[in-house]
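Undergrad: Chains as they are written, first to last, in numbering that gives the first Met the number 0: chain S, 0 to 827; chain H, 0 to 171; chain D, 0 to 160; chain V, 0 to 265.
Keep in mind the hints are simulated off the structure, nothing from the lab. As the structure is a prediction and not an experimental result, all values here were calculated from the model. Be aware that one or more of the hints could be misleading.
To be verified - Counterexamples of contact, computed for chain H against chain S with all Cβ distances above 10 Å:
id, residue
1, E38
2, G99
3, V134
Stated by the list, open to error - Heads up, simulated DSBU-like pairs for lysine-lysine below, C-alpha to C-alpha not over 30 Å straight-line:
id, chain 1, residue 1, chain 2, residue 2
4, H, K48, S, K73
5, H, K1, S, K73
6, H, K48, H, K1
7, H, K144, S, K116
8, S, K73, S, K116
9, S, K753, V, K98
Cβ atoms here follow ideal geometry from the backbone N, Cα and C, with glycine treated the same way.
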Amino acid sequence: MSETTVTPDRPITVEETETAPGFIGVNVPRKEDRRLVQGEGVFVDDVKRHGMAYVHFVRSPYAHAAITRIDVSKAVALEGVYGTLLGEEVAAETDPFFQIAPPPAGELKDYALAVGKVRHVGEPVVAVAAATRELARDAADLVEVDYEPLEAVVDTEHAADPGVAQLHDEAPSNTIWQGNFDYGDYDAALAEADKVVRIKRLHFHRFSSTPLETSGAVVEYNRGTGQWTIHSNNQFPGFAIIMMGPALKVGMDKLRFVSQDIGGGFGNKICTHVQLVALCLLARKLKRAVNWTEWRTDQHTANSHGNERVFLDVEVPVRSDGTMLGFKARMIDDCGAFTRYEPLGCIIWAQVTPGVYRWRNVRVDFSQVCTNKSPCGPNRGYSRMQHLWFTERVIDIVAEQLGLDPVEIRKRNYIRADEMPYETPNGCVYDSGDYARCLDDALKLIDYGSIETRRRDAESRGKLLGVGIGSTLDSGTNNFGQSTIVNPELQFSGNNEVATVKLDIFGEIVVTLGTTPQGQSHETTAAQVVADLLQVEPDDVTVRAGHDSYWNSHAGFSGTYASQFAVTGLGAVKGATEMLREEILKIGAAVLGAESTEEVELGGGFVKRKDNPEAALPFMACGAIVNANNAVLPLELRDITLNCRYVYVPPHQLPDTERKYGNLTLTYANQIHACVVEVDPETGVYDIVDYGAVDDCGIRINPQIVEGQVQGATAQSIGAATHETFVYDEDGNLLTPNFYDYHVPHALDMPPMKTSSVESASPFTPLGAKGMGEGGGAGLSAVAAALQNALQGAGRPIVTSSSNPYHRVWELLQNPDESRSLVSVDER
Amino acid sequence: MKLEGERRFDAPRETVWNILQDPAQMAAIMPGVESFDVEDDRHWKANVKIPLGLGSLKMSINFEKLEEEQPEFSKLNAKGTGVGALMNLVTQFRLSEADGGTAMAWEADVKIAGPVGSMGQRVLQPIVNQQVQLVLSALDAQVAKAEGGGASTKGAEEGRSPLEEESYSADQ
Amino acid sequence: MTEPIRSQLIAVEVNGERHERDVEARRLLVHFLRDDLDLTGTHVGCDTGNCGACTVLVDGVAIKSCMMLAVQADGSSIQTVEGLAPDGELHPLQQAFTSFHALQCGYCTPGMLMSAKHLLDHNPEPTEAEIRRAIQGNICRCTGYVNIVEAIAAAAKGGGA
Amino acid sequence: MLLAEVEYARPTSVDDAVRLLGAHDGARPLAGGQTLTNVMKARAAAPDVLVDLNKLEELRAISRSSDGLELGAMVTLAELVRSSEVAEARPILAEVAAKIADVQVRNRGTIGGNICSNDPTNHLPPVVSALGATMTVRGADGERTVPVDEFFLGVYMTAVAPGELLTSITVPAGSGADGFASIPIGRDGTCIVNAAASIADGQARIALGCVAATPVLLTTAPEEAAVREAVRGANLDPPSDVHASAEYRRHLAEIVAVRAVQEAAS
């Protein structure tokens, strides 16, 4: 097998893209669809094994309690029960999970099952395995666990206050991480300002994308080889293996991750390594395959939530013309009971420090606390969504306070297209984009010119109409080096993804990817790229469905997350295909008696002599010669394998951990949304009556697929802005544990959605494309802004939360001054 | 969930007090009691089958008397565990003599966790309120019986339902 | 006179094929289809009857198979997503879902297709509002429903391709 | 998601059903199962025997009589929506039924089930209350009728005693001056509060939902001021949950009452 690893050197230059106009940029129908529309997809719960046991987790009913007694005797006595797994066994057989956080918080112990103590409602305490799903549940009900309840910590803002109960005995406080971020010269900016706008408190709420397929796995253990095969819907096997290997005290090759179809992920399926370890232990203990399917209520109470965040004592220096010089704030992020992927969220936001704005002076005191709530994990727009919502709230509150037009103040502060590539105050490089143009397009979509007329019409119907704008930067292709800013001891940096492309004995082109798609159409877009490079049809290209870490297409960061497939995944596909093309041309030249590969070309599945197209060698013959008839090849061509593996490595460098400075990610797709709401002032009930979303993710490999991502991400943020929220009571009980009380938008809830796109090619990527898919967050800002605008005529309340269900809007209407008292302006 | 209320009985304080201190009579007051064991004068244990319209909720409840000031004040903790639910109830009452009868000021703090919680507060709150009303009505009956069956409670005389009689606040 | 039973031999016709199985009274229809008959196209997305991923047609009527017991289906004729294209020839709805990119992860798709089929069986020319109402009981977390609504409208107009 | 062990019987006659319900402690009727199944999934309630009413055709009849509209308890919500008798006699029943949950749930869910489960957010308990329906309940000792005012006892609790069965709902013929209003979560989602109203002889009979364990009945003059006054004076005990505080529900109750009456009057 021939292999190449390429790392472009700095400074980054525009790469030649050799792909001729062909299938790239075309709406090629999806390869995935045929099986999925027939119900022939293979999702994790569809996997069955002989004698498979079904696992049910006994979960904590308490948010915070000591476990005083566990008795499983009645459960194991039940006929059909194969066995149980307890925390004490886990503690004896595994090491606690590796912690990203530096000491002292990094000393906390996180195991696959609760050991001695439970820290959130729904935390797995005992695993029970039985012959059927129902029996496992019956047995779980027979497990007796005694608890000694402890004070529940649920208030993010005060979780680290003195005297508050401590979640983790090994860590000295509930503060997981704290850091000061100081960019530009904030004090000078403050001195220079004509006005300073102050905001006491903003709150970004808990929710998650709640993929319709919950987490799950079928785990098999091979006693002969000591190797586990994990059929799961984990969306980041690279990370899971890094976490699980040390915990299980085995080498990584003992953990084979397999998945075909995954029913949505959105980041929520990254941190399932915890349950997977419990399943590995059970499979080994019981000597049989085990199936675990998380139920919806379990997903809501114990799967990863999006990070909750409060923004305190916000200070914004502004010139009288509306030019904003930066901001200062204290931010407290709530990661829930455990740090499964955290505290990475404490740095990820910094990829978009100034948002889409030319804010040069920033001072942030960022800390993260743990609370007795479900652990957080990446959720579509991870950590940037919270911060970008903050930047958009800031600009609309400043506009409101200074009586400036929301459109004008944005255009005055947007980073300009002619400034691209733009280096932010903390050293991130925005590759390309034209935010002002996207805004104009978005306003066109909602016919902004007619707003005042529509406002009057709404008033005549007793309704308050409001318009709002939101933005997101969908930063993609992480530089994992940013992890060293939260913990300098970490040995993570850069990023990578793998693809192999081979020409088989019958001339079949087969592609394997390292990614774990959950609807992102990787089979289709990969085939488009390969087809263009090899001058064939996408139908001629077989892209293996799903992921298998035993294919040789797996690297440390393999997975599907952080908006990067169009860059890393397709970058790898392009690299491997170019290697294969070169080998095919060599074989062709040799067989067709050409002097060099310059004299031959590809077309229609043949290598042809340019001077005589009649002289053509079919791919099938190439494949046959190399794989089954290679004695005919001259010796110098014997190293050709027609099986090419390429690792795409983005041009990342290590950041400066002292200054918390450096380029943290490669590409920046952006979205500008505009939204129109109508509020019933009598009830606080509102409708989104018009909605426009403009997306710019550079060159679009398949526009229809990109638009689908935009629509879906937007729907999620509209859901989050209106009704989706994880609410806990003071005892740490989750009050929205299912789709009854956690209302996700259905077809009637969705507003008329209009979309359009701009294509600002990325100068930094193989195809000019940018990763995308996480850009929906703009909806949270647009809805908040539209509500604040609508309520101008009703006491001018300030919207300070990202969660705005009807009752909150009614509260704003009842007591506008309460929210207004949170903001003030200092004249200079 | 916190509940509180005032109730009046046309019976002497001792009568009411005795009922509230007698495990056997308490068993008669509580809904769906299947078995009731007295472990000692401060600890009782009951297996109940609370009838909900859609099927009954089985629970085993451990009672512990926390405080007592005969004949007027008592505080009780009840911890219940069932398949779908986990209950923790702390309740107290104060009896005072009021124009020939007895006035009872009571408070209860009920916490419910477990899968039953997934049914939603809109359902749980009314169900808890309802069970409380059943207990209080049963208490009326016990008092009436102790008074020789003749005299019944003021509330009943006026033909008002306990729901109307009670004034209580349910808050999160 | 009928007496209560804990399990029962039931006979159902699924996608034209007759099946007989002994099932526990408590077994939900969706688990009967998935686990006993290995028809895994019908999915489970929630535990409260909200998501509609388990939608199938029982005697031509769209129902959520997580809120019906398998024993209740005794003697009935059931259609699941696997029955839409028996000979591999895609149903117009399946074709339209592909053409209009009405699915991403594909997990809600089987239930969505069955709800759409139920709609078109009873209302061949639905308005957009009628389409949205017809799939109100089917949650999709990927698409925002935009392309799903278009696909169903197109299929109704025979414009699957 | 997975039910506890349970016994199942599928009677072929109402008498047989009543016998089964009487013969087994902890037996519960299984109508559409769109609420009961979910409560059983949470194992929050565990009936010992399910008596399946789905094969009882006699409970599926819809008929018009001199004293109004008689609806079998097993008439599905979808049938209510489609029924010409309902459309002629009391269209409000169809209009409201069409808002309940979704197509699949309406295909299975029944009027009897929606009424007997009496989840505070249910649509039909307030409607039948406002319409002054009469419930026919059958037990071992035969049939009895219960006026709707005495029917609802609490969440999941009605006058239908263990061993009894709600067989039909009789809705009096009306003037057609009926209305319904609600504040749902999203479009036609779960109700935060709702209200049904029926105007006859210059009096509005209003039933408020989700402001107490059972529908709250008010009778008042149909003028807005009077309606608001009546709601303010009513003995409401609204639950507080993530969708609405008790205070917000009180406020909304007044508004939906007014809107329901206005719709009835229009």
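Undergrad: Are the hints correct? Go through all of them and say.
TA: Okay, the hints, checked on the actual structure:
{"no.": "1", "hint": "E38", "result": "17 Å, holds"}
{"no.": "2", "hint": "G99", "result": "42 Å, holds"}
{"no.": "3", "hint": "V134", "result": "23 Å, holds"}
{"no.": "4", "hint": "H/K48 / S/K73", "result": "21 Å, holds"}
{"no.": "5", "hint": "H/K1 / S/K73", "result": "35 Å, violated"}
{"no.": "6", "hint": "H/K48 / H/K1", "result": "23 Å, holds"}
{"no.": "7", "hint": "H/K144 / S/K116", "result": "49 Å, violated"}
{"no.": "8", "hint": "S/K73 / S/K116", "result": "22 Å, holds"}
{"no.": "9", "hint": "S/K753 / V/K98", "result": "27 Å, holds"}
Consistency with the previously given hints fails for numbers 5, 7, ordered from lowest to highest.
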